[in-house]
Amino acid sequence: MKLRLVALVSALCISPFASSHDRWILPSHYNVSAESNEAVWITSDVSASNQVFMVDKPVTASDVKVYLPDGKPSSPSSSYTGGRKSVFDVQLLQDGTYKFEKEVTPRYFSVYKVKGKEEVVRSRLDKKATAAVMPKDAYELKGSLTVARVETYVTRNKPTDKVLAPKGEYLELVPITHPADIVENEPATLQFVYDGKPVEGVSVAIMKDGSLYRNKPEEISLTSDKEGKVAMTLPAAGRYLLHASIERPSPDKSLADKTVSEIFLTFEAGLE
Amino acid sequence: MMRHLIRTTAIGALFVSSVVFATPKMTVDLTLPEITEGQYHRPYVAVWVEDAKGQTVKTLSLWVWDEGHKWLKDIRRWWRKAGREDMSFVDGIASATRPAGHYKIDWDLKDDAGKPLVPASYTVFIEVVREHGGRDLVRQTFDLAAGDFSAQLPATTETGVIDIRLSGMTR
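In order, the protein sequence lines correspond to chains P and B.
Heads up: the first sequence runs through residues 3 to 274, numbered per the numbering used here.
Heads up: the second sequence runs through residues 71 to 241, numbered per the numbering used here.
Some hints here could point you the wrong way.
[Stated by the list, open to error] Cross-link-like lysine to aspartate or glutamate pairs, in silico, DMTMM-like; alpha carbons within 25 Å at most:
hint : chain 1 : residue 1 : chain 2 : residue 2
1    : P       : Lys231    : P       : Glu221
2    : B       : Lys140    : P       : Glu37
3    : P       : Lys260    : P       : Glu120
4    : B       : Lys151    : P       : Glu274
5    : P       : Lys160    : B       : Glu137
[Said to hold, decoys possible] Beyond 10 Å from chain P on every Cβ pair, some chain B residues (computed):
hint : residue
6    : Glu107
7    : Arg112
8    : Leu130
9    : Ala190
10   : Thr193
11   : Ala215
12   : Asp233
13   : Arg235
No lab work stands behind these hints, which were simulated from the structure alone.
C-beta: ideal position from N, C-alpha, C; glycine also.
Model the full assembly from the supplied sequences, consistent with the hints where possible.
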């Protein structure tokens, strides 16, 4: 019984360092039309997977934050964690653009080697804390700080801009073209900021839904320019997953050598 | 006798004005084809005009199911360009869906606010979306500074042949 519980707990806590897996929030609708007094339900899947939007490993939805068009934070009305995905529901009562975001928790991760053993030992502590608990003959201690944002935007009636503004911490994506205005065959621009300032050199990979059913990934690779911007013209309407990342030396080397900041954004490109 | 004279004069004046001072207008002759395959629901239709920058200047027709706004978003381009902006405007211009048939839409070349358009290039869009059916978006660009013109758009699955005429522009 105890063993089973341990297995369950570990299955529910997907390591934020499993960077080979993309994490994503996939809402049922990105743009909805509604009458003024109507409440519109949006149900979203949260999962981590290697294939775009094929649910694989559940990522908890209980910490998802919902930013209302007026900027106020709120929470899903309910959530559920299953074997391969989590689900959360949000009722849209206001007109405008909402942001759904997984809570951003910076996490330390350290590795070291022990004499006579080939395998690397992993630790979920910063370098200082790891050094205090590792064996005396350990060597090659390295550490990183990882920050991942998993986010998406949903719009009810007229789009608004309030939730698009960056908060000024780590890597953030600022849609210059409003997410509700991303359309196939039309140019769209996104901007990346780090600690609130435009950042050059962010690696961006954009993949269309349904990678399981095609032989080539058809990934679009971009790098942000001096203004932190990337320009894209998507060739087909559909749902997309964007992954952006940048690695920087950490300000406090005693805790981590580098800071890895990532963003997973899902969005749709509408029909022309 | 006097009344008769007045009426004759009035009719005469009307006749003259329509010939010499024809009001500039655009006519869109739209056919919704008979579709017998599969489940048939009357289509949602939007006819509107955008300027060269893609900004909507006028919605000419909006034929939708009258129960709620849920499906408005499915008229994808019209929703993005015009519909989502103002729900009371949408309620003001919406009318019921139409069966297959021939429809004539006249436009006085004024924008949504009732102001005459400045002479420039514009595009008229016709978007037809059918539940359990397809979607077609057809367009025709025209120049208000270039005088009268007419064009014929070939039929698509959801639209029959469309005739577009700009008249009364020649001075």
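A quick look at each hint next to the structure:
no.: 1; hint: P:Lys231 - P:Glu221; result: 18 Å, holds
no.: 2; hint: B:Lys140 - P:Glu37; result: 8 Å, holds
no.: 3; hint: P:Lys260 - P:Glu120; result: 24 Å, holds
no.: 4; hint: B:Lys151 - P:Glu274; result: 11 Å, holds
no.: 5; hint: P:Lys160 - B:Glu137; result: 20 Å, holds
no.: 6; hint: Glu107; result: 22 Å, holds
no.: 7; hint: Arg112; result: 18 Å, holds
no.: 8; hint: Leu130; result: 20 Å, holds
no.: 9; hint: Ala190; result: 21 Å, holds
no.: 10; hint: Thr193; result: 13 Å, holds
no.: 11; hint: Ala215; result: 27 Å, holds
no.: 12; hint: Asp233; result: 24 Å, holds
no.: 13; hint: Arg235; result: 26 Å, holds
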